[in-house]
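Enquirer: Protein chains in written order, with the working numbering: chain Y, 4 to 257; chain P, 4 to 257; chain G, 4 to 257; chain W, 4 to 257; chain R, 4 to 257; chain D, 4 to 257; chain Z, 4 to 257; chain C, 4 to 257.
A portion of the hints provided could be inaccurate.
Straight-line Cα separation of at most 27 Å, DSSO-like style, residue types lysine-lysine; simulated pairs [said to hold, decoys possible]: (1) G:K14 with P:K14; (2) Z:K14 with Y:K14; (3) W:K14 with R:K14; (4) C:K76 with D:K14.
Partial selection, computed: residues in chain Z whose CB lies under 7 Å from chain Y [as the list claims (entries may be wrong)]: (5) L13; (6) K14; (7) V16; (8) A17; (9) G122.
Covered, in the sense of this in silico footprint (three residues per stretch, anywhere, with C-beta under 8 Å from a C-beta of chain D), are these stretches of chain P [unchecked claim]: (10) 145-154; (11) 207-219.
Source of the hints: derived by calculation from the structure; they are not laboratory data.
Glycine is no exception: its CB is placed at the ideal position from the N, C-alpha and C atoms.
Number of protein chains: 8
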Amino acid sequence: MEQDRAYSLLKAVAEGRVGPDEALERLKVQPFEDIGYARVDTHRGLRQGAGEVIFGQGKTTEQIVGIMQAMEKNGQDRVLITRIGPQAAEEVGRHFELCYNAAARTAVRGGNREPSGIGDIVVATGGTADLPVAEEAAVTAEFLGNNVVRLYDVGVAGLHRLMANLDIVMNASVIIAAAGMEGALASVIGGLADCPVIAVPTSVGYGANFGGLSALLAMLNSCASGVSVVNIDNGFGAGYQASMINHLDRKERQ
Amino acid sequence: MEQDRAYSLLKAVAEGRVGPDEALERLKVQPFEDIGYARVDTHRGLRQGAGEVIFGQGKTTEQIVGIMQAMEKNGQDRVLITRIGPQAAEEVGRHFELCYNAAARTAVRGGNREPSGIGDIVVATGGTADLPVAEEAAVTAEFLGNNVVRLYDVGVAGLHRLMANLDIVMNASVIIAAAGMEGALASVIGGLADCPVIAVPTSVGYGANFGGLSALLAMLNSCASGVSVVNIDNGFGAGYQASMINHLDRKERQ
Amino acid sequence: MEQDRAYSLLKAVAEGRVGPDEALERLKVQPFEDIGYARVDTHRGLRQGAGEVIFGQGKTTEQIVGIMQAMEKNGQDRVLITRIGPQAAEEVGRHFELCYNAAARTAVRGGNREPSGIGDIVVATGGTADLPVAEEAAVTAEFLGNNVVRLYDVGVAGLHRLMANLDIVMNASVIIAAAGMEGALASVIGGLADCPVIAVPTSVGYGANFGGLSALLAMLNSCASGVSVVNIDNGFGAGYQASMINHLDRKERQ
Amino acid sequence: MEQDRAYSLLKAVAEGRVGPDEALERLKVQPFEDIGYARVDTHRGLRQGAGEVIFGQGKTTEQIVGIMQAMEKNGQDRVLITRIGPQAAEEVGRHFELCYNAAARTAVRGGNREPSGIGDIVVATGGTADLPVAEEAAVTAEFLGNNVVRLYDVGVAGLHRLMANLDIVMNASVIIAAAGMEGALASVIGGLADCPVIAVPTSVGYGANFGGLSALLAMLNSCASGVSVVNIDNGFGAGYQASMINHLDRKERQ
Amino acid sequence: MEQDRAYSLLKAVAEGRVGPDEALERLKVQPFEDIGYARVDTHRGLRQGAGEVIFGQGKTTEQIVGIMQAMEKNGQDRVLITRIGPQAAEEVGRHFELCYNAAARTAVRGGNREPSGIGDIVVATGGTADLPVAEEAAVTAEFLGNNVVRLYDVGVAGLHRLMANLDIVMNASVIIAAAGMEGALASVIGGLADCPVIAVPTSVGYGANFGGLSALLAMLNSCASGVSVVNIDNGFGAGYQASMINHLDRKERQ
Amino acid sequence: MEQDRAYSLLKAVAEGRVGPDEALERLKVQPFEDIGYARVDTHRGLRQGAGEVIFGQGKTTEQIVGIMQAMEKNGQDRVLITRIGPQAAEEVGRHFELCYNAAARTAVRGGNREPSGIGDIVVATGGTADLPVAEEAAVTAEFLGNNVVRLYDVGVAGLHRLMANLDIVMNASVIIAAAGMEGALASVIGGLADCPVIAVPTSVGYGANFGGLSALLAMLNSCASGVSVVNIDNGFGAGYQASMINHLDRKERQ
Amino acid sequence: MEQDRAYSLLKAVAEGRVGPDEALERLKVQPFEDIGYARVDTHRGLRQGAGEVIFGQGKTTEQIVGIMQAMEKNGQDRVLITRIGPQAAEEVGRHFELCYNAAARTAVRGGNREPSGIGDIVVATGGTADLPVAEEAAVTAEFLGNNVVRLYDVGVAGLHRLMANLDIVMNASVIIAAAGMEGALASVIGGLADCPVIAVPTSVGYGANFGGLSALLAMLNSCASGVSVVNIDNGFGAGYQASMINHLDRKERQ
Amino acid sequence: MEQDRAYSLLKAVAEGRVGPDEALERLKVQPFEDIGYARVDTHRGLRQGAGEVIFGQGKTTEQIVGIMQAMEKNGQDRVLITRIGPQAAEEVGRHFELCYNAAARTAVRGGNREPSGIGDIVVATGGTADLPVAEEAAVTAEFLGNNVVRLYDVGVAGLHRLMANLDIVMNASVIIAAAGMEGALASVIGGLADCPVIAVPTSVGYGANFGGLSALLAMLNSCASGVSVVNIDNGFGAGYQASMINHLDRKERQ
């Protein structure tokens, strides 16, 4: 594609329709808009198959609104904002209509894409306290057009809770396993499921969990095959990759 | 499926074809063979869609042969042994015909499955020294029936090496990015590709790489979306999950 | 037991008293109640010999009340809530009569079980600042039906304080040793006592104690035999296991 | 007891049967033998209810023999030596008849005590590679007079292997769970069993297991109640404490 | 001394002046007062040659006052309280006359002991921000009867500031070197001085100082001989040991 | 130089123009002013070629003003204060006219030096959140007389943003690369640029970034040559060294 | 430059001298040679102003020779090989004439570039044991055309050794400070010198130096301005950047 | 002293007895000998009151001999070499008569200084395996002229072993407490003794002792006053500082 465009341009130069100076400028053209504090990537939808996502943490309300306006100007009117508090969401909500999820601390503009993909994405958690991270993953996957099945509080200290839902585990296309403390959920699900498992260590716990380190190391060392790991509390990352995997069928049809 | 079998059994009990004692035994039947030092999982092929893999490290030649014999008895004659040195491979090779890969330190019995799946799995490395880990990933993916494209020594210190192969990156179904030191390859590929990226930190480096910790942390903190991580030097894990993802189309057809 | 119930069910099927469909349902029946944000384990009393305990940290007052109502519906009217602040305890106290322990930050509904078991559980601390963790352990053990002897501020910097109470140490059934800083108390008691010692590292200290790491490592490396360790500040875990050990006589009589 | 003896002594002084000088000497008498490089604790059997154990690692053959001779002189002819290689065992074996266990790297002089205690001690492992640590625990428990049930290679990646042996788990008096990598076995067993679980993290694994740290942290953060932890690879410590717990009935009868 | 007292007691028993029961009680007599939350060590002045010090951090005003009252009852009317905030000091000050040092966050009751000892204790700091820790050390040493010379802000980034005061360094009896960041001050002074140097790493800094870890490790690895280290920010510990060293002459005269 | 002055002094002594006592005093003269809590280095401008900089963090407004007054007395009327909040800046601003930069949290008295040096200093950041650190670097470099080019939000997840500005990278004299998370920006720029790159890890991120550790380790392990690293968030240090490098031409002309 | 070439090419297309297809190919041309296991960067000399350097560690003799042959084919006949043992150097020496430095473990083909640059590069070490790292830095700088002054064993424990060489420190263009243990040398030199200091932590030491971590953290936290840090034991990296800095005058003349 | 000498010199200049050139040279005179790979500090005996010590680790036999020859030339014929293996000691022994201590891995030339000082230095260890570190400390203290009392294998797991030697502890001038594992010995002794305690963490242990980290952290966090710490396994450092402290009486007499 990029090559095609370059070839067309070079052809236009060869045919005298475009001068070399102008061609040089075009080759250098920036596929993003510079709004001072951020370079909004207006082509990412095309390149990575997903609408722009704004990582809200550490951004002012003004910055978020500014980025959304730049996106709108480029036709991007579906937006997911992650890690945004209720107050900031309310402020941004004065400029754009938002759907706010308090548990996930996410805000969606423009609604979710129609669910599609190979199958369902299951989001499982070890305990109730892992819910915010799990919801961030679920909301992300839904925003990107996936059917999500929630399977919360099925930690390994009470295995029967997971066992009673084996059918959900077995029918998933991708499973996101979010757990803190010893993070054993990922291994147990990884040993049962026949689909990719994305493990999300959460910072839930205290003492020697060292802010999620215990779950992170446990998940990286999972003795089950088919498990990979994202950053501590990175529900978004898990949801995003799960969606990518669940939509690989689009690639196939190419 | 499990439910189906259980229902059939219960029906047989109801119809008097099977007595309750025997039914109890069947419900408890063990889907693995106990050979003393290991419980060989003879149903895993069914459950997880992949032949048995033996983690060779820390096992004696006798143990490996014993496990392979137990597998053979159960009809499992395709085997992948990982982390096996040349001498051990030679000894095992006296009992079973093996194909040994010295770089990957893997041995395959029974050949690779016919390549299938959604597309190609690309295995990229930052440098030459990451090759053993990358080969373990590549051999695993090939064993499990995937077409693998190798893209070695394309580290970010010479970006043009990666850029010259952008088409390979863009056409991949799944990409495995193996890199040591600062592990930046995963982020750069993650930012370019529109498919899932599985990052494998390698222990390549010295000093403050602390045995792969630097690459591990970098990959977990990747600012690119769509990247997940496996254990340091875990080429097998990356290859296994990549294959799972690349064969999700089978699920779809269900 | 589980097997007995399964056998009875199968027999009922064989005798036509129960149909296979209904049997399947019963086999799948969930021994917990799903209240949305949590799956309350209503059988745990049966399975693990202890009433339900609610880990209060990170739960809203509403969630705690909801869980307690679900437990009550299942006949569980004795409850221990750990890590609950005074305000939350007051709010929950409007729905259920609670006994609040400010030092331990615990709340008990329904009173303690009658003390029983092999002998006394001794809870020792190195200093005054370890008291909250020690009280959590003591309250837990008392809730579960144990006689508890408190032996506070007997740290190794003033050995005579411990030596003057050697008889208490010698007559214990189980000893819980809670200490921060260098955590040496566990080793000294472990070398004196002839009963199991459960060491609880506390986060008491500053600087190179790194949030309890110094005491944790010291206790794990104890040169005294008979010492095992729980998580930093995990008074509940120590009290729970101590109670389990102290009630092993019940097992014996089986 | 100590008090009784002191009282008897004081009484003897009061009655003139013992002079004050001699009494002072007796009060100061050293319950150990100084052999230069080590102070052999000849009263420990009395004090802690167990025969002397020699930690072989880092001791020369001569030192081990010397310690055993000192013990023999004091009537201690049952000895367990841990962490002793085959060659050293052979050399010591020229002076004392030993029973060597190559897997556990232990040597026993004088045979095991007759099995007694509340019930069985179950030693479970996640994988085959955890066997040396598990055997050290098992040999220790047997030496100290316990019946041991071995349950090896029942890791959580294949839960059915553990589930098929639930009766063993349910009937145990104490369970020792030895596992490396993500150490999830302790949590899963802790959630199923109704007896104390002693978790032993092993150094089995590679990469981000950091020499057993991953399993150690996971076990310390276990979400299951009733789990405590010993040092990485400390099979002896687990076996010793398990035996202490299993023999608490002796205390009860006091 | 202890032996003398024991001998006298035994003699009294032999001579019938004291009965065995009473003797037993006396032998067990506790050299501390139990006030519930703390066991005040009323003999420490005798045993360790220093008045009681109260570590204020984590203690309520009531507890501090209670401890001081117990001390007063035993004749201990000189007290140093460390890590006490201005408000707490004010509250305690309503019960006892205190001299509060805001920089050091210390309060002294009963004034300092008359300066004595072998020579001066020099307290040096790398920067202005290390002052609170240095003052804690200085106040402690002064309380215990030492002449203290302050040498602040002589960090190695401007060596001439230290060099201009070489005479102070050279004439010291003990030097306390408090520094954060890279903690090089201890090494430089250690290389210049001919007296013991006690290094106090401070938590001053940011980023990769990891709460004082950088200075701590640097000081432990000092290439200068004669340097030992106390905990991060432990000004009290440094001042206390420095005083002990400076008063060794008392020992000599014994 | 120092030698020259010493020689002149010695000559003056030899010629009787200066007495030995006075000479001794002069040799000992302190090139800094002692104002109690700080020793202001009034010669540093001479020695290190840069005006005095005050590290504001942890200093009271009074201390900052005091230091500035001491500096003024010595003719130093250009001052850079780093890590100073808006309120403190306002208070200091009542004594001295300041130019405050809210993003960088810096205040400048007396304006920037006229830009000079070999070329431009480029300050690049991975994301918007790295801006405060980058601004601290930029302000520092400008204060010290450098032309600064800002290149913000060019992180590796969107390589084209950096590629579109390759000319800026290629024409730099020194490049400061500030990035958090995986810190890959330093490696990518290091591989493209032909000038020294100073990498500044920032604490931007969450979870396994461990306060900037991930970026720090990544940058230290950069596979690109020509990259060195300063402390986490140390924008000042990067700007200072960049200026030193950019003004090496002055040395050359000597 | 890149732009110039692109412009020339586009002009040639416009003037019909080059066809668009050929132009496309030229724009994509790969500036490296793919020899299977490595992609040799044959343009790096142009891009980064330095001949190719081979990191010998982890490469076989055959690989090194292969890379050198590929380089030779592209006219690169000056090569520096780092981290190469004497035996490997001898084997490579059979194919290319090498100058081997046993202390630095480096081998040079084609001799050093003629010394040029702004001034001298000083390489200082804390102790004798830091010599290998220092020599790697010195050899690298010399290979790249710099005059190097060695100043070894001037650690801060004997400050006079450094002070006696102040003139060398003062006249340097760049200083490389290599030190292990507490790494204080970098701070002391950084406080004295008026040129950039590149600190190289070495792994020299034992115990709490944790493989160089103590020196690394100390150097990152240096209170002296103008200090940046490279990886532990990375003499090459320090020498390379020092050379870059020392040759900035070339940039200036552009 | 330094000032006196400088004053005399200046006076001589004033009186014409010394020319300014010569005076300059004298002021610059180097109190060490440069032998290429090391700068032997020939004045240290004067400056720090102790003979030169050679840290043998990482030095070749030739280097050690060379240093000793340089020392001899300067009249330093008493030498202590630490961390020297038996073979190296034998080789050095061909040039100088040495007294080798195999346990301590030390070699002494010229014998120990006559014991003097305030009192005895007690060296205590937790176990037999700490002996090498303890011996290094003892040999160092004896070399520097101290009477040393060894108190080995008195670890806290058997407190009575320490209690039986309380008189030794009570009469010490300085105590060195060397212990690995949980390092509790330092705290227990620190709580009993009334003299300074220098704690030496040893690397003895396994698993979570992390090479001595557990003992190091425990000792730094000691709740006993009067304890300071040296590097892991740094017996020499402890012995050296203990000797400094024990000889402070010399200072007093000044």
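Enquirer: Of all the hints numbered above, which does this structure not satisfy? Sort the numbers upward.
Expert: 4, 9, 10
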